[in-house]
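Undergrad: This is what each chain is made of:
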Amino acid sequence: MNSISEGRAAGVDFRVLRGRVRADRRGTSTPLLVFGLVTAVFALSDNVWGRYVPAPFYWPMATLVALIALGLLSWRLALRTGVGEGRRSYGRLAVLYLAGMLLIASSWWFAGMRPLLWPVTALFVIGILQRDRALTVWSGVAAALSLLAWLYLLLAPGTDVTHSVIGLGYEWTETLIFAGTGVVLIVGGALLRRRERLVA
Amino acid sequence: MSSKPAMHPILSLDDVVHQKTRLALLTVLDEAGRADFPYLKRTLGLTDGNLGRHLDVLAEQSLITIAKGHEGRKSRTWAAITPDGRRALAAEMKVLAALVQRFQENRSD
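Protein sequences appear in the order of chains A and B. At the far end of the first sequence sits residue 200, using the working numbering, and the numbering has no gaps. At the far end of the second sequence sits residue 109, using the working numbering, and the numbering has no gaps.
If you're looking for bench data, these hints aren't it; they were derived computationally from the structure. On a predicted model such as this, the values are computed, not experimentally measured, just so you know. C-beta: ideal position from N, C-alpha, C; glycine also. Wrong hints could be hidden among the right ones.
[Claimed, not checked] Distance condition first, Cα-Cα at most 20 Å in a straight line; then the derived EDC-like pairs of lysine to aspartate or glutamate: (1) B:Lys74 to B:Glu105; (2) B:Lys94 to A:Glu171; (3) B:Lys20 to A:Asp13; (4) B:Lys94 to B:Glu105; (5) B:Lys41 to A:Asp13; (6) B:Lys20 to B:Asp56; (7) B:Lys94 to B:Asp14; (8) B:Lys94 to B:Asp84.
[Claimed, not checked] Covered stretches of chain B, going by a simulated chain A footprint (3 or more residues, C-beta under 8 Å): (9) 46-54; (10) 63-74.
[Said to hold, decoys possible] A few chain B residues facing chain A, derived, Cβ under 10 Å: (11) Val16; (12) Leu29; (13) Asp30; (14) Thr43; (15) Trp78; (16) Ala80.
Whenever a hint applies, use it, and build me the whole structure from the sequences.
TA: Right under this line is the structure:
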């Protein structure tokens with residue numbers, strides 16, 4: 001995006017206009033809040049109630065749930081306020097994501113990458129596709145923090161069921177990292193929702 | 001033999017897109033994907049007639065599509081940007097950027 005499309009030309013203030021539409025769509029805060037909530041709930045349910053889908057599909061499934069929830073919310077908002085879903089509709093993204101997930105279901109991605117990266121990576125990609133700087137930055141920060149926390153958990157001595165980083169044991173520490181990622185997203189969403197209300 | 005002078009960027013402006021209201025409409029629709037008439041009127045401070053006229057011009061050039069539907073007993077009209085509309089807006093931004101750059105270069109000479 002060049003300086004004109006962010007600034008003012010031909011009597012139109014593009015930056016203000018785009019910012020207002022994005023605020024009307026709640027385009028930055030809603031994805032952060034939905035992904036944050038889904039991540040936190042999935043993290044807690046993993047440890048408290050046990051997994052209800054097979055392990056390799058657990059976080060990819062959480063991501064799909066978040067995308068479908070976002071699609072329904074933005075569809076309802078469009079009917080209520082008259083402003084559309086934006087550059088890429090979440091419904092279409094959910095279908096593309098599901099197709100991609102099924103295509104690479106047995107690839108190294110599931111085995112080699114930590115599953116928590118699925119939701120934050122999806123959110124980061126949404127930010128880029130929708131050219132939403134705040135969403136990209138916030139989800140990128142959440143992804144970096146969760147990756148660092150996960151690396152610390154992996155590299156810390158005694159990585160087994162007796163492992164304890166902060167005296168909680170391995171499983172609860174893992175849950176704390178997962179749920180913490182969700183909380184970071186929720187806090188970001190709440191802060192940005194306040195800003196959107198001022199702009200809209 | 002003299003080389004052909006470079007065309008001034010102002011000659012590349014598309015009159016359909018460059019008009020202030022239509023440029024604003026395309027910018028809103030580029031960000032929203034689609035929007036209904038009341039939202040466009042409210043956001044850009046336009047009257048019914050003014051909005052309808054500009055949307056017709058954009059629709060004639062296939063830069064947007066207009067879909068009329070019903071919600072219960074109320075009719076609702078949505079305008080959505082097309083791929084051609086996004087391309088035309090991007091091209092306009094490029095020309096405007098070139099104009100600003102040229103202006104700044106001339107001023108610093």
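Undergrad: For each hint, tell me whether it holds in the structure or not.
TA: Structure-based check of each hint:
no. : hint                : result
1   : B:Lys74 to B:Glu105 : violated, 54 Å
2   : B:Lys94 to A:Glu171 : violated, 53 Å
3   : B:Lys20 to A:Asp13  : holds, 10 Å
4   : B:Lys94 to B:Glu105 : holds, 16 Å
5   : B:Lys41 to A:Asp13  : holds, 17 Å
6   : B:Lys20 to B:Asp56  : holds, 15 Å
7   : B:Lys94 to B:Asp14  : holds, 12 Å
8   : B:Lys94 to B:Asp84  : holds, 15 Å
9   : 46-54               : violated (count 0)
10  : 63-74               : violated (count 1)
11  : Val16               : violated, 13 Å
12  : Leu29               : holds, 8 Å
13  : Asp30               : holds, 8 Å
14  : Thr43               : holds, 7 Å
15  : Trp78               : holds, 8 Å
16  : Ala80               : holds, 7 Å
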